[in-house]
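Undergrad: Each chain is listed here by its residues.
Protein chains: 2
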Amino acid sequence: MVTAPLTLRDVSESELLRRIFPFFRASPGVAVGPGDDAAVLRTGPGTVATTDSMIRGRDWLDEWSGASDVATKLLTQNLADVAAMGARSTAVLVTLVADPATPLDWAVDFARTLGEQAADLGVAVAGGDLSSAPDGVLMVSITALGDLDGRAPVLRSGARVGDVVAVCGPLGRSAAGLALLQSGADPRTQPDGIRGWCIEHHLRPQAPLTEGPAAADAGATAMIDLSDGLLRDGHRVAGASGVRLALSPTALHGDVAELEPVVGEQALDCVLAGGEEHSLLATFTGAAPDGWRTIGVVEAGEGVTLDGAVQQPRGWDHFRA
Amino acid sequence: MVTAPLTLRDVSESELLRRIFPFFRASPGVAVGPGDDAAVLRTGPGTVATTDSMIRGRDWLDEWSGASDVATKLLTQNLADVAAMGARSTAVLVTLVADPATPLDWAVDFARTLGEQAADLGVAVAGGDLSSAPDGVLMVSITALGDLDGRAPVLRSGARVGDVVAVCGPLGRSAAGLALLQSGADPRTQPDGIRGWCIEHHLRPQAPLTEGPAAADAGATAMIDLSDGLLRDGHRVAGASGVRLALSPTALHGDVAELEPVVGEQALDCVLAGGEEHSLLATFTGAAPDGWRTIGVVEAGEGVTLDGAVQQPRGWDHFRA
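These protein sequences, in sequence, are chains F and L.
Read in order, the letters of the first sequence correspond to residues 1 to 321 in the numbering used here.
Read in order, the letters of the second sequence correspond to residues 1 to 321 in the numbering used here.
Treat the hints with care, as some may be off.
[As the list claims (entries may be wrong)] To give a feel for the contact side, a few chain L residues facing chain F, derived at Cβ under 10 Å: (1) Arg9; (2) Leu41; (3) Thr43; (4) Asp52; (5) Asp59; (6) Ala91; (7) Gly127; (8) Gly136; (9) Leu148; (10) Leu180; (11) Leu181; (12) Met223; (13) Asp317.
Because the hints were derived from the structure by calculation, they are not lab data.
Ideal placement from N, C-alpha and C gives every residue a C-beta, glycine not left out.
Please model the entire structure based on the sequences and the hints provided.
TA: Below, the structure is given as structure tokens:
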């Protein structure tokens, strides 16, 4: 006899909470954790706060991504934004808005991965929200909070003429992974070569989280999380700072060459316009620190150039894509 | 010639942000507001954080609620949770996850109301997230942050035998308003009598936000935002505190009598089990302060009683409702 898997409809809200709260470990930074009207956090004088959401059918497909993958990607997206301010993530609030027909296992797997990975990163899951959604809808969201530990925040607006432009983390892998999946690659491809690394980076991205505060300490003048593509996010830094980012094709050659065996002629486009990479882009007065590679310089002007040619801000736009 | 109203698809993400950012006013508590990777808030040592979402079709119907109504309700839900900890709300992050076919006016009206009402309450809109959703989906979410201003948080777990149980704000009006709307009442009914007050409270609830910190200062031992019904939320306080809340039918008589002309025999049920009220329930050692009315006492035992009879925790359950 086969029994149907349990869904959220089969358990009460309090029963669901009883199943997932144990995944959210206590933390010294959290005075009151999940279960009251709100969480209470022990905070310093400068708290960084950001929020990002994912919805099934736009931000992931169940055919490619399980609950654990979604938890990893959502956590990385949010924590990368905190890191890009030069801050250390301390706590997250998590929201699940789900059709009651959603498998209970999905919610439990999501919560387990979120709790485990957050704990590994020293981040507390301090609270959240559970709500029901119409048929077929599954949406998850995180708000991440971070501590500047006394640093000044690193804004998008601080780049100055003469600074170097540098990146920490890969470029274009997520977009190349997406292209592979769209052309039929198995999402379970083992990450033991560039094709696998690209798929892995698309489904379960990791960001250089500790490099954000380290870059702030090293004097980064501007910083951004690369979520919508190098050109689009580069334009954001250029626009906010009132400068031009002049990128060097030579410096990007290695990134492009790495992806050519994966996506052929699309490699340059992945590097320049691929979203969801969650590497960090920053500008520094003087040399970039270890772990970063210089890809250009800050010039007077506006926008982004490649080998001197003006580049349009291609990349991900939520409502027009 | 009639032109179709603009939708989110007709503008870029940056153009939409340019239209809504002006509604979010600067605040001394916000060092970095919307537009960077994350907001930066000036915080005290104890920061309260909570999040709550609303999705079209479950939490509101377009036939009854416009974008401005949704903004009001979402803001109240979140700020009431902060108040129920004894804290003063300082900032919110706001998320809009929308089908690109959503009218641009909806997003603009939502942001305008949110910005105006937050400003009136001394709360900054510090940041947020815009994302696209599959066809027909419209979801909004807020994360609210608050400052305890040196107070200890008022938890659900602090009620002690001998305390009085008190409420600040109405009971059952939101549920009675919902019942009226479900039986065909005009959502634009003027709020100049009890029927109108009920509809108003369901569509555009206000919460006694300043009474939360005031209750904390007056020695509240436990407190909760009444979002899921007096019995269900009362059970939460009872369970967390290891006590029984013994409610007095005499004390609730006025609440019931007020709603009888509106919903007849359902009046008691609205008072006991009606959700989305966003009044505050608290326990006090000694008399409740001005502005609160005593509705019972804390006894040894468990659960909630009415006139000595044990009450089941009826009320809203997200996945079973």
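Undergrad: Can we keep the Gly127 of chain L interface hint, with Cβ of chain F closer than 10 Å?
TA: Result: holds, 6 Å to nearest chain F Cβ.
Undergrad: Is the interface hint for Ala91 of chain L satisfied, with its Cβ closer than 10 Å to some Cβ of chain F?
TA: This hint holds: Ala91 of chain L lies near chain F, its Cβ roughly 7 Å from the closest one there, short of 10 Å.
Undergrad: With a cut-off of 10 Å on the beta carbons, see whether Leu180 of chain L makes it to chain F.
TA: Leu180 of chain L check fails; min Cβ-Cβ to chain F is 23 Å, beyond 10 Å.
Undergrad: Double-check Leu148 of chain L for me: the hint is only fine if its C-beta lies closer than 10 Å to a C-beta in chain F.
TA: At 7 Å from the nearest chain F Cβ, Leu148 of chain L passes the 10 Å test, so the hint holds.
Undergrad: Are Thr43 of chain L and chain F close enough, Cβ to Cβ, to be under 10 Å, as the hint says?
TA: Holds - the Cβ of Thr43 of chain L comes within 10 Å of chain F, reaching about 4 Å at its closest.
Undergrad: Against chain F, run the beta carbon of Asp59 of chain L and see if the smallest gap drops under 10 Å.
TA: holds (7 Å)
Undergrad: At a threshold of 10 Å, is the proposed contact between Arg9 of chain L and chain F supported by beta-carbon distances?
TA: holds (5 Å)
Undergrad: How about Gly136 of chain L: closest beta carbon in chain F under 10 Å, or not?
TA: holds (8 Å)
Undergrad: Given Leu41 of chain L as an interface hint, is its Cβ closer than 10 Å to any Cβ of chain F?
TA: Hint on Leu41 of chain L: holds, closest Cβ of chain F at ~5 Å, below 10 Å.
Undergrad: Please check whether Asp317 of chain L passes as an interface residue: C-beta within 10 Å of a C-beta belonging to chain F.
TA: Nearest chain F Cβ about 5 Å off; hint holds.
Undergrad: Holds or violated: the hint that Leu181 of chain L contacts chain F, with Cβ atoms closer than 10 Å.
TA: violated (19 Å)
Undergrad: Would the hint on Asp52 of chain L stand, with a C-beta cut-off of 10 Å toward chain F?
TA: holds (5 Å)
The structure fails hints 10 and 11 (numbered hints given earlier, in ascending order).
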